[in-house]
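Residue strings, one per chain:
Protein chains: 2
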Amino acid sequence: MYPVITISREFGSGGHSIGEKVAKELGIPFYDGEIVTKVAEECGYAKEVIEDQGEYSSSASKWLDISAASAVYFQSPQDTIFIAQKKVILDCAAKGPCVIVGRCADYILRKEDVKSLNVFIHSDYTHRKERVLERYGDIKDVNIEKRLAKKDKQRKTYYKYYTDKNWGDYRNYDLSLDSGTLGEDGCVKLICEVYQSMN
Amino acid sequence: MYPVITISREFGSGGHSIGEKVAKELGIPFYDGEIVTKVAEECGYAKEVIEDQGEYSSSASKWLDISAASAVYFQSPQDTIFIAQKKVILDCAAKGPCVIVGRCADYILRKEDVKSLNVFIHSDYTHRKERVLERYGDIKDVNIEKRLAKKDKQRKTYYKYYTDKNWGDYRNYDLSLDSGTLGEDGCVKLICEVYQSMN
Chain A
1 MYPVITISRE
11 FGSGGHSIGE
21 KVAKELGIPF
31 YDGEIVTKVA
41 EECGYAKEVI
51 EDQGEYSSSA
61 SKWLDISAAS
71 AVYFQSPQDT
81 IFIAQKKVIL
91 DCAAKGPCVI
101 VGRCADYILR
111 KEDVKSLNVF
121 IHSDYTHRKE
131 RVLERYGDIK
141 DVNIEKRLAK
151 KDKQRKTYYK
161 YYTDKNWGDY
171 RNYDLSLDSG
181 TLGEDGCVKL
191 ICEVYQSMN
Chain B
200 MYPVITISRE
210 FGSGGHSIGE
220 KVAKELGIPF
230 YDGEIVTKVA
240 EECGYAKEVI
250 EDQGEYSSSA
260 SKWLDISAAS
270 AVYFQSPQDT
280 IFIAQKKVIL
290 DCAAKGPCVI
300 VGRCADYILR
310 KEDVKSLNVF
320 IHSDYTHRKE
330 RVLERYGDIK
340 DVNIEKRLAK
350 KDKQRKTYYK
360 YYTDKNWGDY
370 RNYDLSLDSG
380 TLGEDGCVKL
390 ICEVYQSMN
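Those protein sequences? They're chains A and B, same order as listed. Per the numbering used here, the first sequence runs over residues 1 to 199. Per the numbering used here, the second sequence runs over residues 200 to 398.
Because the hints were derived from the structure by calculation, they are not lab data. Treat the hints with caution; some may be incorrect.
Said to hold, decoys possible - No farther apart than 25 Å at their CA atoms in a straight line, the calculated lysine-lysine pairs in the DSS-like style are these:
1) B:K364 <-> A:K150
2) B:K349 <-> B:K328
3) B:K328 <-> A:K151
4) B:K349 <-> A:K165
5) B:K314 <-> A:K165
6) B:K355 <-> A:K156
7) A:K111 <-> B:K220
8) A:K189 <-> B:K388
9) B:K328 <-> A:K115
10) A:K156 <-> A:K129
11) A:K165 <-> B:K359
12) B:K364 <-> A:K160
13) A:K129 <-> B:K364
14) A:K146 <-> A:K129
15) B:K314 <-> A:K156
16) B:K220 <-> B:K359
Please model the entire structure based on the sequences and the hints provided.
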């Protein structure tokens, strides 16, 4: 029984969109942006800060101003966000079957013995660049490949920091799918099928 | 169009058996032991040597005796086997759709621009131990977990040496499946489906 599906993904691989379609297909809630709103309510930070810091490691210097102001506390703002996020993820999972994207959800649920089907979505730079250009237009002044690599690195560092595991390591996932070769809809079909065969 | 399916796998994860079932289901040839026989014909080494050296890195000392005897050649016996194996794999793939297990086949085919559906099969120690005990009986004098780790390490080292890539890294595979949670038959079903939807 896998009540919850977690989706981790390389930046630009279409993981968010795949998760959304899976949830729609299965008729279960989809949590991504909603988690940000709930975390904002929980810990008081602005949504933009949570969006930025709830999955991505930032350089220490970025937090320096805020941290200096709150130096009396042992807990960094990013830690505060992680703890609030963890609570929100566990609350979502407790409500019943759902799809949760990113935010170390696979690790958080496993640690609390909540059974989940953990999926990792990836694809090569060619496919991801194509996808980003399709969605955001021809951004000529940005080195897209560099941006993709940076975002992945931040997610990787964030995951490592909070889970002590390696983001993308096959041991963390039941399914790792290449959305570039299998196609977005191909991935949706496979995930739904596994979910249905196991429930 | 994916004429060839390659299956890489953690030791004890059931990858061989999954590959065999996939080939049977799709009615295409299955190459694993047969490659060993063909490589033996190709390079003259005994089958047992090829079985041992065609996927696993050995310590340098193990080769010392043979290497000393053939020190006039620059090519190590393991290199000779790899080259023969590469030829056999490309020959198999050239004949038409098939399933090839292990032996860096995913890398070899990609380098030669032969399109293949690359699958990685893994599962945790608990499932793999269970499987090994089921197949080989209760081997009380062997630390199975240690043996599994050693075999994986040898495959990893071998793969790294000949491909300069990391064995198990999601970037090398279209599908990475946990046979422990998805089940052997579940994996077979998913692989066949992807193959059929793409051909």
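Results for each hint:
Restraint check: the Cα-Cα separation between K364 (chain B) and K150 (chain A) comes to about 21 Å, which is no more than 25 Å; the hinted pair holds. The straight-line distance between the Cα atoms of K349 (chain B) and K328 (chain B) is roughly 14 Å, inside the 25 Å bound, and the hint therefore holds. For the suggested pair K328 (chain B) and K151 (chain A), the alpha carbons sit about 38 Å apart, so the restraint of at most 25 Å is broken. Among the hinted pairs, K349 (chain B) with K165 (chain A) is consistent with the structure: their alpha-carbon atoms are about 21 Å apart, no more than 25 Å.
Between the alpha carbons of K314 (chain B) and K165 (chain A) the distance comes to roughly 32 Å, so the proposed pair goes past 25 Å and is violated. For the given pair, K355 (chain B) sits about 22 Å from K156 (chain A) by alpha-carbon distance, which is consistent with the 25 Å threshold. Only pairs whose Cα atoms come within 25 Å are accepted, and K111 (chain A) paired with K220 (chain B) is rejected, the gap being roughly 35 Å. Between the alpha carbons of K189 (chain A) and K388 (chain B) the distance comes to roughly 13 Å, so the proposed pair stays at or under 25 Å and holds.
Among the hinted pairs, K328 (chain B) with K115 (chain A) is consistent with the structure: their alpha-carbon atoms are about 22 Å apart, no more than 25 Å. With a C-alpha separation of about 19 Å, the suggested pairing of K156 (chain A) with K129 (chain A) holds against the 25 Å cut-off. With a CA separation close to 21 Å, the supplied pair K165 (chain A) and K359 (chain B) stays within the 25 Å bound. This hinted pair checks out: K364 (chain B) and K160 (chain A) have alpha carbons roughly 21 Å apart, not beyond 25 Å.
Under the criterion of a C-alpha separation no larger than 25 Å, the hint pairing K129 (chain A) with K364 (chain B) is consistent with the structure, at around 23 Å. In summary, the hint linking K146 (chain A) to K129 (chain A) is supported, as the alpha carbons are separated by about 10 Å, within the 25 Å threshold. Simply put, K314 (chain B) and K156 (chain A) have alpha-carbon atoms about 30 Å apart, too far for the 25 Å limit, and the pair is violated. Proposed proximity of K220 (chain B) and K359 (chain B) is contradicted: the alpha carbons are some 28 Å apart, above 25 Å.
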